[in-house]
Each structure stands twice: as C-alpha cells, then as structure tokens.
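S.K.: In case you want the letters, here they are:
Number of protein chains: 2
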Amino acid sequence: IEEQNNQELLSHLGDMHHADIAEILDQLTLDEATYVIKLLDSEKTAEILMEIDQDDRERVLENLTPKEIADEIEEMDTDDATDIISNLSVELKDEVFKNLKDREHAQHIVELMRYDEDSAGGLMAKELIKVNENWSVTGCMEEMRAQAENVTRVHAIYVVDNKGKLKGRLSLKDLITAPSNANIADVYIENVDYVDVHTSAEEVARVMQKYDLEAIPVVDEIGRLVGRITVDDIIDFIRDEADKDYQMAAGISEDVDADDSIWELTRARLPWLVLALFGGFIAVTVAGQFESAMVNYGFLFFFMPLIAAMAGNVGVQSSAIIVQSIAKGTLTGSVWKRLLKEVGLNVLNGIILSIILFLGAHFILGRDYIVAFTVSTALISVIIIASLIGTFVPIMLNRYKIDPALATGPFITTSNDIFGLLIFFTIAKYMLGF
Amino acid sequence: IEEQNNQELLSHLGDMHHADIAEILDQLTLDEATYVIKLLDSEKTAEILMEIDQDDRERVLENLTPKEIADEIEEMDTDDATDIISNLSVELKDEVFKNLKDREHAQHIVELMRYDEDSAGGLMAKELIKVNENWSVTGCMEEMRAQAENVTRVHAIYVVDNKGKLKGRLSLKDLITAPSNANIADVYIENVDYVDVHTSAEEVARVMQKYDLEAIPVVDEIGRLVGRITVDDIIDFIRDEADKDYQMAAGISEDVDADDSIWELTRARLPWLVLALFGGFIAVTVAGQFESAMVNYGFLFFFMPLIAAMAGNVGVQSSAIIVQSIAKGTLTGSVWKRLLKEVGLNVLNGIILSIILFLGAHFILGRDYIVAFTVSTALISVIIIASLIGTFVPIMLNRYKIDPALATGPFITTSNDIFGLLIFFTIAKYMLGF
Numbered sequence: 006i007e008e009q010n011n012q013e014l015l016s017h018l019g020d021m022h023h024a025d026i027a028e029i030l031d032q033l034t035l036d037e038a039t040y041v042i043k044l045l046d047s048e049k050t051a052e053i054l055m056e057i058d059q060d061d062r063e064r065v066l067e068n069l070t071p072k073e074i075a076d077e078i079e080e081m082d083t084d085d086a087t088d089i090i091s092n093l094s095v096e097l098k099d100e101v102f103k104n105l106k107d108r109e110h111a112q113h114i115v116e117l118m119r120y121d122e123d124s125a126g127g128l129m130a131k132e133l134i135k136v137n138e139n140w141s142v143t144g145c146m147e148e149m150r151a152q153a154e155n156v157t158r159v160h161a162i163y164v165v166d167n168k169g170k171l172k173g174r175l176s177l178k179d180l181i182t183a184p185s186n187a188n189i190a191d192v193y194i195e196n197v198d199y200v201d202v203h204t205s206a207e208e209v210a211r212v213m214q215k216y217d218l219e220a221i222p223v224v225d226e227i228g229r230l231v232g233r234i235t236v237d238d239i240i241d242f243i244r245d246e247a248d249k250d251y252q253m254a255a256g257i258s259e260d261v262d263a264d265d266s267i268w269e270l271t272r273a274r275l276p277w278l279v280l281a282l283f284g285g286f287i288a289v290t291v292a293g294q295f296e297s298a299m300v301n302y303g304f305l306f307f308f309m310p311l312i313a314a315m316a317g318n319v320g321v322q323s324s325a326i327i328v329q330s331i332a333k334g335t336l337t338g339s340v341w342k343r344l345l346k347e348v349g350l351n352v353l354n355g356i357i358l359s360i361i362l363f364l365g366a367h368f369i370l371g372r373d374y375i376v377a378f379t380v381s382t383a384l385i386s387v388i389i390i391a392s393l394i395g396t397f398v399p400i401m402l403n404r405y406k407i408d409p410a411l412a413t414g415p416f417i418t419t420s421n422d423i424f425g426l427l428i429f430f431t432i433a434k435y436m437l438g439f
Numbered sequence: 006i007e008e009q010n011n012q013e014l015l016s017h018l019g020d021m022h023h024a025d026i027a028e029i030l031d032q033l034t035l036d037e038a039t040y041v042i043k044l045l046d047s048e049k050t051a052e053i054l055m056e057i058d059q060d061d062r063e064r065v066l067e068n069l070t071p072k073e074i075a076d077e078i079e080e081m082d083t084d085d086a087t088d089i090i091s092n093l094s095v096e097l098k099d100e101v102f103k104n105l106k107d108r109e110h111a112q113h114i115v116e117l118m119r120y121d122e123d124s125a126g127g128l129m130a131k132e133l134i135k136v137n138e139n140w141s142v143t144g145c146m147e148e149m150r151a152q153a154e155n156v157t158r159v160h161a162i163y164v165v166d167n168k169g170k171l172k173g174r175l176s177l178k179d180l181i182t183a184p185s186n187a188n189i190a191d192v193y194i195e196n197v198d199y200v201d202v203h204t205s206a207e208e209v210a211r212v213m214q215k216y217d218l219e220a221i222p223v224v225d226e227i228g229r230l231v232g233r234i235t236v237d238d239i240i241d242f243i244r245d246e247a248d249k250d251y252q253m254a255a256g257i258s259e260d261v262d263a264d265d266s267i268w269e270l271t272r273a274r275l276p277w278l279v280l281a282l283f284g285g286f287i288a289v290t291v292a293g294q295f296e297s298a299m300v301n302y303g304f305l306f307f308f309m310p311l312i313a314a315m316a317g318n319v320g321v322q323s324s325a326i327i328v329q330s331i332a333k334g335t336l337t338g339s340v341w342k343r344l345l346k347e348v349g350l351n352v353l354n355g356i357i358l359s360i361i362l363f364l365g366a367h368f369i370l371g372r373d374y375i376v377a378f379t380v381s382t383a384l385i386s387v388i389i390i391a392s393l394i395g396t397f398v399p400i401m402l403n404r405y406k407i408d409p410a411l412a413t414g415p416f417i418t419t420s421n422d423i424f425g426l427l428i429f430f431t432i433a434k435y436m437l438g439f
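From first to last, the protein sequence lines are chains V and W.
Sequential numbering from 6 applies to the first sequence in this note's numbering.
Sequential numbering from 6 applies to the second sequence in this note's numbering.
Isolated chain V, as found in the complex (with noise of 0.2 Å):
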C-alpha cells in the first residue's frame, strides 16, 4: 500500500478509528508514519499522534515543519496540545506558536504550561462547559449548544457565579428533565467536589475514584473554575503508576516496553544490575570474614543461597504490602504499630519455616542437631530483621518525599542479602564456636 497510492490509502484508512491507524503506524518505519500522517487531514491526525507511543511521537513530529505541527496542535484538546509543546525544542516551541491562528487557544496552552506535570493544574483541560448561575434553563440549552462545539465529551455543566468562582454543577440529565421556565440557580446541585490547580496528581486520582467521578472540576486559588480533568486522563495516570511501581520491583528504571531498543532497555535495567553486583562483592567480603568456619563447618556455606534468598522474598513481601499501601492511601496509623504487626507475622512464619529447616537439615540432610538447629535460628533471625527493613525503609522513604517502590526493587533485596549472610554468621559463630 505504501507505494505513493494516495488515493486508494487515503480512502482506507479514511474510514477507521484513529486508534486502529495508530496501531497500524506503530507497526511502520518513521518514513512511512510521517508520510501518512502528513497525508491525512490534521483534525484527524492529532488523534492519531495522541494515540501513538510517545518516542515515536517525538520522531514523527520532528519530521514536520512547525506550521504542520501547528496544524495538529490546533485540533487538539488543550491538555493534549500542551503535552505536545512542552517537549518540543524552545525554538521550535517559538516557531508552533507564531503559527497558531487561535490566540485563545495558544493562551490556554501558555497558561497550562505553568503547571508542573503532575499536579491537578498539569493534567486539566480547559474545554469544559460553564453556565452562570443567573441564566435560565432555556438561555442555558442555547448558550450550551454553542460551548459544545469545543468540547469532545460533555461530563457535566459548572455552574459559576460572576466572578467565575465555581458554585456548583448540572448533569445534562437534570437540565433535561429541569422544567424550561426555571432558572439555573433554581436547578443546580451545590454539592461538587473540585480540586485545586496545585493538588497533586495522586490526590486528584485518589479522590476521583473514592467519589467515582467521570470528571473533576479544577479551581486557581481563589475559586474561580479555571478547568477540568477527565477520567481518561485518570486511567493513564493510574496504569502508569502502576507499572512504574511493578518495573521498580523488578529492577527497571524509566518506563520501558519489550518493544523498545536494546539501548533503552539495557539502560533501563543494568544500573540495577551494578547495584546486585556491587551488593554481591560486600556478601563476597561478608562470607569471607568467616572463612575459619570452613575447616569444621564447610557446609555452613551450603546455605548461603538459602539464607540470601529467604531474606529476600520477606523483606519484597513486606515492603510490597506497604507500598501498595501507600500508593492507595490506605496507610493509617502509627509506624510502630504497622512494625510491630509485621513482626508478629513474620514470627510466626519464621517459626514454621524453621521447623520446616530443622527437620530437613537434620533428617534430610544428615546434620547433627547443634548444626540443624544454629540454621534454624539464624533462619527466624534473618526473617525478623528482613521484615523490619523492609516495612521500615519504604515507610521513610516516603516521608522524606522518596518514591517507596525504590525499597521493593534488587536495592531492599541486595540489602537484605548482606543483613541476612552477616546475622547467619554471627549467630552460627556465637552457637558453635570457630
């Protein structure tokens, strides 16, 4: 298809979403992807470029002039538009703007691109229908027909004083079903939850789902209604925290996908690597200090593996707990009482899994009792200690504004290795003396 048949092109991909395109250029060359986008009219190719993954984004919109990006960046919904300008280069960013024909819209772009990323202010639009709470149901359904035009999807109506402050909202379902002669202040509903430009992206998130709202609201520091933001943009947000928290887990940095280059990826996942690594030589020095211990008990070393993998998964297991915690604000009360529980539980984990090792390393394994149960002790120590970390580490970094996920990552787990080894030599020493 892809050779110059503009026609025949044009009146297939005419007819799909802009979804469908958008996955189809996924699949092209950045030749190609430019060469369609360029093709298709603006109005539909701002969807498309919205659709796409952002680095291909970034590639395909350094191929256009800036009066095509322009083009695109007038089609778009504020919010999108200032996405897009904001990783554009400074000259270009200048260059966009001169070619935008709509001052007001180039205006709401100015004026969202204030806002950091991930606050409320960051994720609003400005497209949103507003009423004053004077006019009346019939003035309002004409007034409304007009406001409509800009915006894509229609959540809800605000309803604003004179001055612009926020007083409350209308569902297009009450409007309807209001009788024409009433007046909007007669009508709307004053109960509205509304966020602040400066909330931050977690909170609007949290609260939207709490109340379940499709939309929300966004008021500057005076109340007045300066825009809204939209369940979709939620969900972006939402899975993106998400995997950001799962690839922090799993040792992966930035937000990679199988299908990026191996430099991104290696460059996403090696610095945690160094870090196991580096991890590694201090349990090589930590064995090592106990290197008497190999001419009577050699086999100590045996459970090396063991002891470094045990105290692994507790310390993951009990630093994922209180980080989805976290993440949900769901965490309440005090840190002391969040450690103590978390001790009570490993202790009585720590308590079957030792007997668990007792028995094994004495009836499988042929190791006389002192030897079976040194193991097992050091076992219940190293799961207690482990547990402590990790509950303790990703609670303080969070109040010290760290992201928690870090604590779930090969950095608790390598941490732990080396707590583990150095607790399981300790007490071995102290047991059976070497």
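Warning: the hint list may mix true and false statements.
Chain copies aren't distinguished; within one or between two, either way the pair holds.
[Unchecked claim] No farther apart than 16 Å at their CA atoms in a straight line, the calculated lysine to aspartate or glutamate pairs in the EDC-like style are these:
{"id": "1", "residue 1": "K333", "residue 2": "E246"}
{"id": "2", "residue 1": "K342", "residue 2": "D265"}
{"id": "3", "residue 1": "K333", "residue 2": "D245"}
{"id": "4", "residue 1": "K215", "residue 2": "D25"}
{"id": "5", "residue 1": "K49", "residue 2": "E208"}
{"id": "6", "residue 1": "K215", "residue 2": "D58"}
{"id": "7", "residue 1": "K333", "residue 2": "E73"}
{"id": "8", "residue 1": "K72", "residue 2": "E195"}
{"id": "9", "residue 1": "K215", "residue 2": "D31"}
{"id": "10", "residue 1": "K215", "residue 2": "D245"}
Source of the hints: derived by calculation from the structure; they are not laboratory data.
Since the structure of chain V is already known, use the hints to place chain W on it.
M.R.: Chain W only, in chain V's frame:
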C-alpha cells in the same frame, strides 16, 4: 458518638458522601459498623456497602436479616447487586430473592449471575437508556426522562431496532443539538463499539482504553443489546489486575492489604516462602555436590550469593517486561525473535557486568587471573540462561492460560538461584579442575 445517640449520629452522617462514611466504617468494629448500617436508610447504605472492603462487607451482611439485605439489593445497580448476591450462601440467596419486591430487578440479577465474573456479561449492568430507531427526537426525550430515573449516570443513549438489536448510539449532546422534528433514525451514529457477553474482562478493558470509552454496550449472541459496562468498573478492574501482578511479583497470593489480619496475611505469604525454602534446600544440595572444591577453592562458595542474586535479578527483569506486555496486549511477533532480543540485551549487560566482576575479583579481592576469569565466565553464562528462563516461562504460562505474573515471583527467582549455582559450579569445575 457511638453511645446510641441516634439522632445526632444520623444528622451527622446524613450530609456526608457515602464514600466518606465507608472510610469511617472501615475504622470501626464490626458491631459498630453494623449498627450504623442498620440506622441509615437503605438508599445510602447500599452505596456505602459497595465502597467498603469486601471482607468487611461480607461480615456486615452476615449480621443483617434476609429482608434487610433485600432492601439494600433493591437500591443497588444490577451489577453491584449481582456481586453481592453471588457471594452469599445458597440458602441466604433464596431467602433474599424471596424478599425482593422488584421482580424485574430480581430477574436481571438472575440473568447476570449466569455469566462468568471475568467476562463482559459479568461486568455489565442492565441499567441503560435505549431508544428505538423509529422514534422521533421529541418522543425520545419523553421516553428518556422515564428511563433516566433508573440510571445513575447517562453516558450514551443506545439505539436499537424493533428486535432489540443494537444499531448505534446517540450522545445527549447530539440529542440536544438535533432539530426536534427529526427522527432518531436520521441523527444516530451507526458506528458504535460494542462487546459480546462472552468477551473477557481484559479485552473489554483494552477496547475501552484504546478508544477512550466511558461506557460500552454489551450484546448477546445474536446482537441484541443486553447491558452496558461503565468506565468505573473498568478502573477497578485495571487497578485490581495491576495489584495482583504486583503482589504476585512480590510473592503474595490473594488480594491482601496491609490492614488485613495477621492470619490472612500469613496465608497469602507463607506458601511462597515455603516454596523458596524448598528451593533453598535444593541449592544446598547442589552446593554439596561440589564439596570437593572446598579444599583448594573454598572461596568459590563465597560467590554463591552473588551468582544467585544476579540470576534472580536478571530473571525477574526479563519476565516483568514480558508480563507487562502480555497484560497490555502489546506482545506481538514471534517468541523466537523475542528470545533473541532478550539474549542480545543480556549478552551486552553480561559483558559489562563480567568485566566489572573480573576487575573486582582480581584487583579488590586479590584472586588470581584464572579464578577471576572463571567467576566472570560463570556470571555471563548465568545471566544469559536466567534471561532465557525469565522470557520463556511467562510466555509459556500465558500460552497454557496460566497467569504469567506467576513467573515474576519467588518461583522464578528460586529456580534461577538453583540453575545459576549449578552452572556456576559446573563451569568452575571444568575451568579449575577439582
């Protein structure tokens, strides 16, 4: 407040949002929570019940009479009502059904109970607004006002033919902006995304996200409109899936929260630790096979935790990427190509890490060239094998319809530990000869 001061409590809770009340109830004891639920009217409590934690909900319901449960059910949307009833015991189910006054509601619930929980049929609600293509816009408005009573939020109006088959959709916006003398057939949009009752929940989530839908109609085997799924159900589903994958990676089965009881948390975590412990036993045995190395090359054992940790980390990195791609539905192309890429990537990482290890072992730990070279060679081999296992296992699990996230947990870490040690000692044995 809990001192039976009903009047004050009622006026206090009366103004609050149901999600806020649910948050308070989560902090109370079971008896207190049940007391509050019984006090408030069923319209409010039905919503509260849907917000509180599932375990708490089941316990509260046990304290209610079938009549009281039926009152709650009457107030719920069909999808929520079905979830609640499905979790009741068989006898209680019958009792509750006998107490349902709204026969249509009851019939809808029975219909929904037929579907698998993780299919579109299991997610959908019967509440929706549908209009016949032969109606006029004015008649349609009338009809809609009546239907809208039952529907909490109107996302779209679905258009059906005389046989009930889905023909298209209409947004409220279209309806408002349409000339009032038009017929529905003239104004509706034919192009409508829909899913089948048997479509899997994952697929529904994928489609709704891809096309940014807020609601999607569900049709039966012969194309008749039978329900709709709204975006908030999908958000819950996405969140649950991400949580499940994350917990699975951390070695926690079942969906638990930091606030669950010690017993619940133990049940979710202990089995994985037992698994890891048995893996540890095998590792001990593997190391024991190479006991002869202890005489001349005892320090090789010091490297065991390092090798095991690297094998575990690399394996988890590889499988996490695959698991995420599977979850997002972006895993395309052949398995062999994917394995080749992963190997390429890990050869690159492996070379860099082996060089660091070689330099570290020789210059810092002071081992001679041949030993440092042996350990480095073992490391790169272990990394490549671990990445192959990490890539291959989730793809295979998925092919056999087992949750691929299983592969990111202690399961893969443990097997990689064992394989890693086996490879390490085998290579060392051949290179150093012991």
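S.K.: Could you run down the list of hints and mark each one as holding or not?
M.R.: Results for each hint:
no., hint, result
1, K333 <-> E246, "both (11 Å within a copy, 14 Å between copies)"
2, K342 <-> D265, "between (43 Å within a copy, 13 Å between copies)"
3, K333 <-> D245, "both (14 Å within a copy, 11 Å between copies)"
4, K215 <-> D25, "between (32 Å within a copy, 8 Å between copies)"
5, K49 <-> E208, "neither (33 Å within a copy, 25 Å between copies)"
6, K215 <-> D58, "between (30 Å within a copy, 13 Å between copies)"
7, K333 <-> E73, "neither (42 Å within a copy, 31 Å between copies)"
8, K72 <-> E195, "neither (44 Å within a copy, 35 Å between copies)"
9, K215 <-> D31, "between (35 Å within a copy, 14 Å between copies)"
10, K215 <-> D245, "between (19 Å within a copy, 15 Å between copies)"
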